[in-house]
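Keeping their order, the protein sequence lines are chains E and R.
With the first letter of the first sequence counted as 1, position 123 gets the number 903 in the numbering used here; the numbers rise by one all the way through.
With the first letter of the second sequence counted as 1, position 23 gets the number 803 in the numbering used here; the numbers rise by one all the way through.
Hints were generated in silico from the structure; no laboratory data involved.
Since this is a predicted model, take the numbers as computed values, not measurements.
Be aware that one or more of the hints could be misleading.
Over the 10 Å line for every Cβ pair with chain E, so calculated as not near, a few chain R residues [unchecked claim]:
{"#": "1", "residue": "Glu883"}
{"#": "2", "residue": "Arg989"}
{"#": "3", "residue": "Leu1013"}
{"#": "4", "residue": "Glu1016"}
{"#": "5", "residue": "Ser1156"}
{"#": "6", "residue": "Ala1159"}
Below are the SDA-like pairs computed for lysine to any residue, each with C-alpha atoms no more than 25 Å apart in a straight line [said to hold, decoys possible]:
{"#": "7", "chain 1": "E", "residue 1": "Lys860", "chain 2": "E", "residue 2": "Asn909"}
{"#": "8", "chain 1": "E", "residue 1": "Lys1098", "chain 2": "E", "residue 2": "Thr1032"}
{"#": "9", "chain 1": "R", "residue 1": "Lys875", "chain 2": "E", "residue 2": "Ala879"}
{"#": "10", "chain 1": "E", "residue 1": "Lys1113", "chain 2": "R", "residue 2": "Met781"}
{"#": "11", "chain 1": "R", "residue 1": "Lys1113", "chain 2": "E", "residue 2": "Gln1015"}
{"#": "12", "chain 1": "R", "residue 1": "Lys813", "chain 2": "E", "residue 2": "Asp1110"}
{"#": "13", "chain 1": "R", "residue 1": "Lys1098", "chain 2": "E", "residue 2": "Thr812"}
{"#": "14", "chain 1": "R", "residue 1": "Lys875", "chain 2": "E", "residue 2": "Gly881"}
{"#": "15", "chain 1": "R", "residue 1": "Lys1008", "chain 2": "E", "residue 2": "Asp1110"}
{"#": "16", "chain 1": "R", "residue 1": "Lys784", "chain 2": "E", "residue 2": "Val818"}
{"#": "17", "chain 1": "E", "residue 1": "Lys875", "chain 2": "E", "residue 2": "Arg901"}
{"#": "18", "chain 1": "E", "residue 1": "Lys813", "chain 2": "R", "residue 2": "Met781"}
{"#": "19", "chain 1": "R", "residue 1": "Lys886", "chain 2": "E", "residue 2": "Ser999"}
{"#": "20", "chain 1": "R", "residue 1": "Lys813", "chain 2": "E", "residue 2": "Lys860"}
{"#": "21", "chain 1": "R", "residue 1": "Lys1031", "chain 2": "E", "residue 2": "His961"}
{"#": "22", "chain 1": "E", "residue 1": "Lys784", "chain 2": "R", "residue 2": "Gly809"}
{"#": "23", "chain 1": "E", "residue 1": "Lys1054", "chain 2": "E", "residue 2": "Asp929"}
{"#": "24", "chain 1": "R", "residue 1": "Lys1098", "chain 2": "E", "residue 2": "Ser816"}
{"#": "25", "chain 1": "E", "residue 1": "Lys1008", "chain 2": "R", "residue 2": "Lys886"}
{"#": "26", "chain 1": "E", "residue 1": "Lys1113", "chain 2": "R", "residue 2": "Glu1014"}
From the three backbone atoms N, C-alpha and C, an ideal C-beta is built for every residue, glycine too.
2 protein chains.
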Amino acid sequence: MQPKEFLMIPGPTPVPDAVLEAIARDPMGHRTKEFSKVLVEVTASLKKLAECNGEVLMLTSSGTGAMEAAIANTISPGDKVLSCICGVFGERWAKIATAYGAEVEKLQVENGEPISVDALRDKLQADRNHTIKAVTITHNETSTGVINDLHQLALAVREHGALCIVDAVTSYGAAPIEFSHWGIDVMVAGSQKALMLPPGLAVIFMSDRAWEAQASCTSPRFYFDLAKYRTSLEQETTPFTPNVSFVVALKTSLDLMKQDGYRGIYVRHDRMKKALRAGVTGMGLKLFVPKEQYASPTITSIVPPTSISVDALRRTMKERYNIRVADGQDALKNKIFRIGHMGYVFERDILMTLSALEACLTELGYRCPSGIGVGSALAVLSTPASAAT
Amino acid sequence: MQPKEFLMIPGPTPVPDAVLEAIARDPMGHRTKEFSKVLVEVTASLKKLAECNGEVLMLTSSGTGAMEAAIANTISPGDKVLSCICGVFGERWAKIATAYGAEVEKLQVENGEPISVDALRDKLQADRNHTIKAVTITHNETSTGVINDLHQLALAVREHGALCIVDAVTSYGAAPIEFSHWGIDVMVAGSQKALMLPPGLAVIFMSDRAWEAQASCTSPRFYFDLAKYRTSLEQETTPFTPNVSFVVALKTSLDLMKQDGYRGIYVRHDRMKKALRAGVTGMGLKLFVPKEQYASPTITSIVPPTSISVDALRRTMKERYNIRVADGQDALKNKIFRIGHMGYVFERDILMTLSALEACLTELGYRCPSGIGVGSALAVLSTPASAAT
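Based on the sequences and whatever the hints tell you, model everything.
Next up, the structure:
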C-alpha cells in the first residue's frame, strides 16, 4: 500500500471531493431548464473571475482547442500575427496561427525570461502601417514557470490597436486578471488547472473588438465557430452536446472558489510560490526563473544538482512518496524539473513536497543541512496571509 | 421526492455506476505509464468493437468535433463532396464540408426515409470523371430514428472509389459495424451514446485510404490534426491533455460491454426497438419510421395522437414519472417525440416507459385498451433473446 498519488504537476491537478462527487452523478439532459440554469450561473461566475464585461463561452475540448478557436475566429489567411514567445506554449500560438495561414512574426526571449514590455512596444511602434492584426501572449508560461506582466503587455497592444489574444490556461483563477480593464480581446483557459476539474473543458473570453474581428474572419470553422456558441448562449443553451458533467462540476468548483474569495486564492498561490522558492533555494538548488516578480504563482521550475538527473529525482519522488513532479518540456527536458501548485493545492502540500524533495535528494547523494528546505519555507509562511501581498 | 430522473433521450444516456465511479477518481497524469497502458487498452477495444484494422483516435470534444476533424483532415477547399441526407445530422456533414470550402452535392430523402442504395449508386455511376472526392453518410439518423444500410451504402461508395465518411455516433456499440470489411474510410462516434459515458469524448476511425487523403489535405487544422494524434499514439500518448477521467472510465465501460459480448448488446438493442415499436403501435400510435428494417435500434420516433401536443406529453412524462423523452428537431419539432434506448438501457426500461406513456396519454384524454402497450411489447419479448435475430 502507498499513500494516494499526489499530482504536483502543471495539470491535471488535484480535484476536490465535492467536485468529483458532482462529476460522478448521472448526466442531466443538456436541453433542459435545469442545465440552462447551471450554464447561466457558471457563465456569470467565469466572467466575474476574469473581471470580464464581454462574453465567455465554454468549449468541450482541451485548452489547445480553445487556442485554435481563438485563432480560427479572428485570424484570416494572410493576416499578420505577432507572437510573444517565452516557451513551448508561446510557440504553440505561433504554430496554430501558421496552420491557419497567418504571417507570423516572433518576439522571442530565452527560456526562463519574461516577455519585455519595452521590446513589445518597440515592435508595435515600428509597425507604422498597422499591419499587425493580432498579438498573442502567454500569461503564465507553463513550460518555464514564468508569469508575464500581462497588464502592461496588454496596454502596449491596445496602444497599437491590434487584437490582444491571451493564453491564461495556467493563470486564470490563480492570479488576478482584469480582462476588460486591461484591454484583452480573446483569452482562453482550461478546466484542469486552477479551476480544479479534470481536463476536458475549455473556456474562451471575447471582447466586443474580438467579435468584430470574428464577423469578418474567413478561416473555416464549425465546431469552434464562436458565433454559434454566442447565439445559443443567448437562448441559455449550447450549439452541440457539451460535457454536461463537467459544466455541472464547474459550478461546484466556482462556488468553492467564491467561498474562499478570489483575492484569498491569489494570496494562497503567491504564498505557495514564495514558500517553495525559499525552500528550494534554502536547499541550495537553483531556481530557473531567478526574478521573483516573473516567477509563476502556479508552477516553479528548478535546476537539479549537477550530480542528479531529473529522471532519477522524479522516479525517486514517485516511488518513495508517490508525489509526481514534472520534467522540463522539449529543449528543457532533463534540464529542469517543475513543481505545479495550482488550484486545489495548499501550504501543507508545499511543505510535504519540500520534505520529500529533501529526502530524495539526500537518498541520491546530495547534501544540505537537514530540514533547511522546510525551515526556509516556514520562515516565509510565518508572515500572516493577510500581510503577504 | 421523485424517482430518479431517467433519460430516454438520444444522449446523454444513463451511465453505469462502475463508470461513474471511475470518473469520480482523482485524474491521473496523462504523461505516465499508467495512463499509457489505459490508452493502449481502450484503443484496442474500440478497434475491436468496430472490427477496424485501421486506426482509432480519441478526441476530447463532442461528436461534432470529430465530424469536423473528419472533414478538416480529408477535404480541401474546392473538393466535391456528396452528402447523403435523411435528417439533421446528415445535413450537419454538408454544413461542415461547406464551411471548409467543399463543393457539396446533396442526395436527400424525406424525413423518416432511409438513403436509397440504388439512388446513391446511380449518383456515383453518373460521376464518370470521378470528381466526387468523398461521400458522407449518417449510419443512424438521430433526428428521425432511421438506420441506414451502411454496409450496402459503403460498398456503393467503394465501387466508385470516393472516401466513405460515416457518422456512427448513435449506432457504434449498439448495432454491428464492420469498419474494414465494409470499406469505411473515416468514422466518428461519441462517448454519451452506446459507450455509456457522459458527453465529452469523441472517437474517430481512419483507414489507410483516409490517411493518404489526410497527407495531401490542405485544410487548416491544429487541435484536430489527426496526424499529431497518430504520431503520439505510436508513443502511447496524446498530443494534448486529454480528458483522462473519461478515457479511464471508457475502459470500464468497454470492459462491461465485453462481458456481455458485443453480439449480445446488438441483440438487446434490437429487442428493445421491436418491443417498443410493438407497444407503441399496440396503443394505436403511429411510428414515424414505418419499415422495421430501417427503424433505428437506438431511437424510436413516434407521432403523437392529433389531440395531444408533443410538449404536453413530454411535460407529463417528466412531471408524473420523471422520465425524459425528446422532442423532434428543427422541422420535426412538435411533430414527433423520440424515445432513446441506447447504451445502458434494458428491456425493463422499455416496459417502464411504455407503462408511463400509456398513463400519460390517458391522463391527456387519449383512449386505448388498458395495458395494451406493455402487453404488445411482452409478446415480442416472450421470444428468447437467442432467437430474436
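Quick rundown of the hints versus the structure:
1. Glu883: The claim stands: R/Glu883 keeps its Cβ more than 10 Å from every Cβ of chain E (closest is about 14 Å).
2. Arg989: holds (23 Å)
3. Leu1013: holds (16 Å)
4. Glu1016: Holds, because the least Cβ-Cβ distance between R/Glu1016 and chain E comes to about 16 Å, which exceeds 10 Å.
5. Ser1156: holds (28 Å)
6. Ala1159: holds (31 Å)
7. E/Lys860 <-> E/Asn909: holds (12 Å)
8. E/Lys1098 <-> E/Thr1032: violated (30 Å)
9. R/Lys875 <-> E/Ala879: holds (22 Å)
10. E/Lys1113 <-> R/Met781: violated (56 Å)
11. R/Lys1113 <-> E/Gln1015: Holds - the C-alpha atoms of E/Gln1015 and R/Lys1113 are around 17 Å apart, at most 25 Å.
12. R/Lys813 <-> E/Asp1110: Holds, at roughly 19 Å.
13. R/Lys1098 <-> E/Thr812: holds (11 Å)
14. R/Lys875 <-> E/Gly881: holds (22 Å)
15. R/Lys1008 <-> E/Asp1110: Distance of about 16 Å is within 25 Å: holds.
16. R/Lys784 <-> E/Val818: Within the cut-off at roughly 19 Å; holds.
17. E/Lys875 <-> E/Arg901: Answer holds: E/Lys875 to E/Arg901 is near 23 Å, not above 25 Å.
18. E/Lys813 <-> R/Met781: Measuring from Cα to Cα gives roughly 19 Å; hence the hint holds.
19. R/Lys886 <-> E/Ser999: Roughly 24 Å separates the two Cα atoms, so the pair holds.
20. R/Lys813 <-> E/Lys860: The hint is violated at about 41 Å.
21. R/Lys1031 <-> E/His961: Judged against 25 Å, a Cα distance of about 46 Å means the pair is violated.
22. E/Lys784 <-> R/Gly809: holds (13 Å)
23. E/Lys1054 <-> E/Asp929: It holds: about 18 Å lies between the C-alpha atoms, which stays within 25 Å.
24. R/Lys1098 <-> E/Ser816: holds (17 Å)
25. E/Lys1008 <-> R/Lys886: holds (23 Å)
26. E/Lys1113 <-> R/Glu1014: holds (20 Å)
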